[in-house]
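Residue numbers (numbering that gives the first Met the number 0), protein chains in the order written: chain A, 0 to 274; chain B, 0 to 435.
Fair warning: there could be bad hints in the mix.
With the C-beta cut set under 7 Å, the calculated list includes, among others, these residues of chain B facing chain A [what the hints assert, rightly or not]: (1) GLU51; (2) ALA232; (3) SER255; (4) LEU413.
Keep in mind the hints are simulated off the structure, nothing from the lab.
None of these values were measured; they are calculated from a predicted model.
Where a beta carbon is used, it is the ideal one built from N, C-alpha and C, also for glycine.
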Amino acid sequence: MMFVQVNGARTYCYTGGKPFDPAKPTVVFIHGVLNDHSVWILQSRYLAHHGWNVLAVDLPGHCKSEGEAPATVEAAADFIGALLDAAGVQRAALVGHSWGSLIALEAAARLGDRVSHLVLVGTAFPMKVSPALIEASLNEPMKALAMVNVFSRSTLAAPPSALGPGTWVYGTGMALGRRVLASNPKVNVFHRGFVACDRYANGENAIAAITCPVLFVLGGLDQMTHPKAAQTLVKAARAADKRVSVVSLPVGHHQMTETPDTTLFAIRDFLATAG
Amino acid sequence: MPGYSDPGFDTLALHAGAAPDPATGARAVPIHLTTSFVFESSDHAAALFNLERSGHVYSRISNPTNAVFEQRMAALEGGVGAIAVASGQAALHLSIATLMGAGSHIVASTALYGGSQNLLHYTLRRFGIETTFVKPGDIDGWKAAIRPNTRLFFGETVGNPGLDVLDIPTVAQIAHETKVPLLVDSTLTTPYLVKPFELGADIVYHSATKFLSGHGTVIGGVVVDGGSFDWDASGHFPELTEPYEGFHGMTFSEESTVGAFLLRARREGLRDFGACLSPHSAWLILQGLETLPLRMERHMSNTEKVVQFLASHALVGRVGHPLLESHPSHELAKRLLRHGPRGAGSVFSFDIKGTREQGKAFIEALRLFSHLANVGDSRSLVIHPASTTHFRMSDEALAGAGIGPGTIRLSIGLEDPDDLIDDLKRALKAAEKAGA
Numbered sequence: 000m001m002f003v004q005v006n007g008a009r010t011y012c013y014t015g016g017k018p019f020d021p022a023k024p025t026v027v028f029i030h031g032v033l034n035d036h037s038v039w040i041l042q043s044r045y046l047a048h049h050g051w052n053v054l055a056v057d058l059p060g061h062c063k064s065e066g067e068a069p070a071t072v073e074a075a076a077d078f079i080g081a082l083l084d085a086a087g088v089q090r091a092a093l094v095g096h097s098w099g100s101l102i103a104l105e106a107a108a109r110l111g112d113r114v115s116h117l118v119l120v121g122t123a124f125p126m127k128v129s130p131a132l133i134e135a136s137l138n139e140p141m142k143a144l145a146m147v148n149v150f151s152r153s154t155l156a157a158p159p160s161a162l163g164p165g166t167w168v169y170g171t172g173m174a175l176g177r178r179v180l181a182s183n184p185k186v187n188v189f190h191r192g193f194v195a196c197d198r199y200a201n202g203e204n205a206i207a208a209i210t211c212p213v214l215f216v217l218g219g220l221d222q223m224t225h226p227k228a229a230q231t232l233v234k235a236a237r238a239a240d241k242r243v244s245v246v247s248l249p250v251g252h253h254q255m256t257e258t259p260d261t262t263l264f265a266i267r268d269f270l271a272t273a274g
Numbered sequence: 000m001p002g003y004s005d006p007g008f009d010t011l012a013l014h015a016g017a018a019p020d021p022a023t024g025a026r027a028v029p030i031h032l033t034t035s036f037v038f039e040s041s042d043h044a045a046a047l048f049n050l051e052r053s054g055h056v057y058s059r060i061s062n063p064t065n066a067v068f069e070q071r072m073a074a075l076e077g078g079v080g081a082i083a084v085a086s087g088q089a090a091l092h093l094s095i096a097t098l099m100g101a102g103s104h105i106v107a108s109t110a111l112y113g114g115s116q117n118l119l120h121y122t123l124r125r126f127g128i129e130t131t132f133v134k135p136g137d138i139d140g141w142k143a144a145i146r147p148n149t150r151l152f153f154g155e156t157v158g159n160p161g162l163d164v165l166d167i168p169t170v171a172q173i174a175h176e177t178k179v180p181l182l183v184d185s186t187l188t189t190p191y192l193v194k195p196f197e198l199g200a201d202i203v204y205h206s207a208t209k210f211l212s213g214h215g216t217v218i219g220g221v222v223v224d225g226g227s228f229d230w231d232a233s234g235h236f237p238e239l240t241e242p243y244e245g246f247h248g249m250t251f252s253e254e255s256t257v258g259a260f261l262l263r264a265r266r267e268g269l270r271d272f273g274a275c276l277s278p279h280s281a282w283l284i285l286q287g288l289e290t291l292p293l294r295m296e297r298h299m300s301n302t303e304k305v306v307q308f309l310a311s312h313a314l315v316g317r318v319g320h321p322l323l324e325s326h327p328s329h330e331l332a333k334r335l336l337r338h339g340p341r342g343a344g345s346v347f348s349f350d351i352k353g354t355r356e357q358g359k360a361f362i363e364a365l366r367l368f369s370h371l372a373n374v375g376d377s378r379s380l381v382i383h384p385a386s387t388t389h390f391r392m393s394d395e396a397l398a399g400a401g402i403g404p405g406t407i408r409l410s411i412g413l414e415d416p417d418d419l420i421d422d423l424k425r426a427l428k429a430a431e432k433a434g435a
């Protein structure tokens with residue numbers, strides 16, 4: 000593990016069971032709404048033991064990280080830049096899931112050549128959240144949490160996952176959501192994250208501004224960020240002559256836990272290409 | 000099934016954790032009778048051992064058939080995951096051994112299965128873990144028993160065999176104020192009758208030998224983690240929150256925000272203590288789980304009829320089921336159990352008005368009820384706790400657990416309820432004659 004001071008706040012990064020080594024290339028994993036670093040455990044631990052520095056961050060105001068929870072994608076993107084500075088990382092690959100994919104996208108646009116690869120897992124643009132779900136996240140967060148986890152699920156029989164065989168992915172999603180929500184007594188990070196997703200408007204400009212190759216890892220059964228909803232970004236990236244890869248997995252919105260291996264392989268193989 | 004639907008209990012009991020086998024198309028869960036699993040490559044092997052990838056290595060640690068059972072139980076309980084083990088006793092031991100070592104202390108209910116009482120009162124004491132026993136309804140007693148080294152609260156959802164309903168919300172609150180988790184044995188209720196996590200419990204275990212399998216054919220157990228307890232915030236569990244040199248220097252609460260307990264229990268407890276479940280046993284339990292909702296409904300309805308019969312019989316004294324308003328847990332059962340007092344299960348006790356000889360005559364006159372040391376079978380069962388399951392306990396401890404010298408314990412099965420009542424009538428008549 001690693002704690003760094005970012006914008007004056009103690010920030011937690013999971014390093015995949017290996018100490019941070021400035022000589023290695025770095026990959027930053029960015030979680031989504033009501034998640035934390037632990038959703039990336041298998042992918043980040045593997046890469047940490049296969050030549051990469053891993054910084055799987057808890058976003059500010061989430062779980063082990065202090066600081067003000069970001070209210071916009073842009074603010075979270077600036078945090079990622081500040082994190083790289085604080086960790087002494089000149090160049091990194093960014094991997095984001097859901098809300099984290101928008102943060103990674105905006106950060107890649109802002110950081111330019113400092114980003115070697117961009118991976119957008121379970122992404123969409125615009126990432127509109129229904130008014131009912133936004134309202135529920137504020138006033139009935141447990142109900143909204145159940146809705147999100149039902150929408151995210153694609154199977155009742157996931158393969159061995161982050162906790163090993165015997166993991167009930169739906170239950171881990173519910174428990175993690177409750178834990179992340181409780182970790183910030185000042186701000187409802189559920190509602191704040193959803194509003195940030197819903198209001199983000201710079202996706203097409205951002206993807207046109209990136210200078211690195213981009214990989215889309217989409218769930219064919221994803222009800223939270225339907226693969227069709229990613230096509231705006233895919234087309235914009237291609238129109239701007241970016242190096243674009245798209246991987247479609249037979250999975251819902253829990254790509255990292257419902258199909259941990261295929262998600263890992265997609266990321267691993269993409270990171271092995273020149274950035 | 001996938002997508003927007005939110006499967007109900009009956010659907011999860013059939014489908015959670017299982018899909019048609021991708022290799023063969025087999026619809027039923029295959030029994031993976033293999034000790035070990037071939038690695039795709041050296042890198043795959045290393046990644047599995049180092050928890051970089053998830054999968055099966057050796058069946059003491061995990062097995063695909065067991066994993067279906069584990070996922071299904073986690074789904075039915077509302078937990079994050081589960082670990083299948085060799086028995087209910089193995090489940091209790093694994094839970095305790097994962098959380099503490101010598102010098103620790105447990106606060107436990109007096110109303111426990113005799114085997115659990117033995118483990119806590121005698122065996123674990125030898126390994127430096129002490130237990131203070133408290134009557135489950137004595138809320139001040141739970142508080143008074145807390146010591147600086149207390150690491151766990153423990154009770155049964157409905158105490159065996161007096162059916163004292165554990166006030167899980169209140170006991171959990173006391174445990175959490177002490178920054179320790181509440182472990183609950185839910186064997187007699189199953190998730191169909193009560194979901195302890197929804198009431199505040201943190202870890203649940205079952206003897207799957209009983210209602211989960213339901214057919215008296217298999218010994219097994221399972222531990223389910225609710226993922227609710229914050230080990231880091233507690234500060235009392237370095238086993239989960241500090242690097243463990245016994246497994247790659249891993250800090251389990253860092254690896255999994257909500258599943259640290261399960262990670263250590265599998266990676267240390269199953270690895271080192273080795274109380275694993277046979278895949279064949281897991282498969283047998285799964286056969287039972289598929290019909291759990293149907294069976295529990297019949298268990299409840301049969302029990303209602305038998306309780307009504309016994310309560311009105313002249314030779315019967317106390318009938319210890321919360322269905323009766325006179326039972327001390329009647330109101331608690333109404334409040335906490337998913338089906339109210341009838342949901343207190345089908346294992347209960349009653350007292351015959353008479354001598355020990357009359358009790359013996361009663362048991363020996365039964366024809367449908369089988370005299371044996373088990374509960375939760377599809378067949379109806381009977382036993383005399385003071386001379387069998389709880390025989391190591393002193394009279395004082397027996398009284399604390401709500402058991403008298405003449406108490407008879409019944410486990411009501413799935414037979415025609417009229418036949419069960421006929422059998423009881425005949426046996427009570429024999430007991431009456433024996434006292435003449």
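Do the hints match the structure? See the list:
At a threshold of 7 Å, the smallest CB-CB gap from GLU51 (chain B) to chain A is about 4 Å, leaving the interface hint in force. Interface restraint check for ALA232 (chain B): the shortest CB-CB distance to chain A comes to about 9 Å, outside 7 Å, so the restraint is violated. Hint on SER255 (chain B) holds. Least Cβ distance to chain A is approximately 5 Å, under the 7 Å limit. Residue-level restraint check for LEU413 (chain B) is violated (minimum Cβ-Cβ distance to chain A is 27 Å; threshold 7 Å).
The structure is inconsistent with the numbered hints 2 and 4, although it conforms to all the rest.
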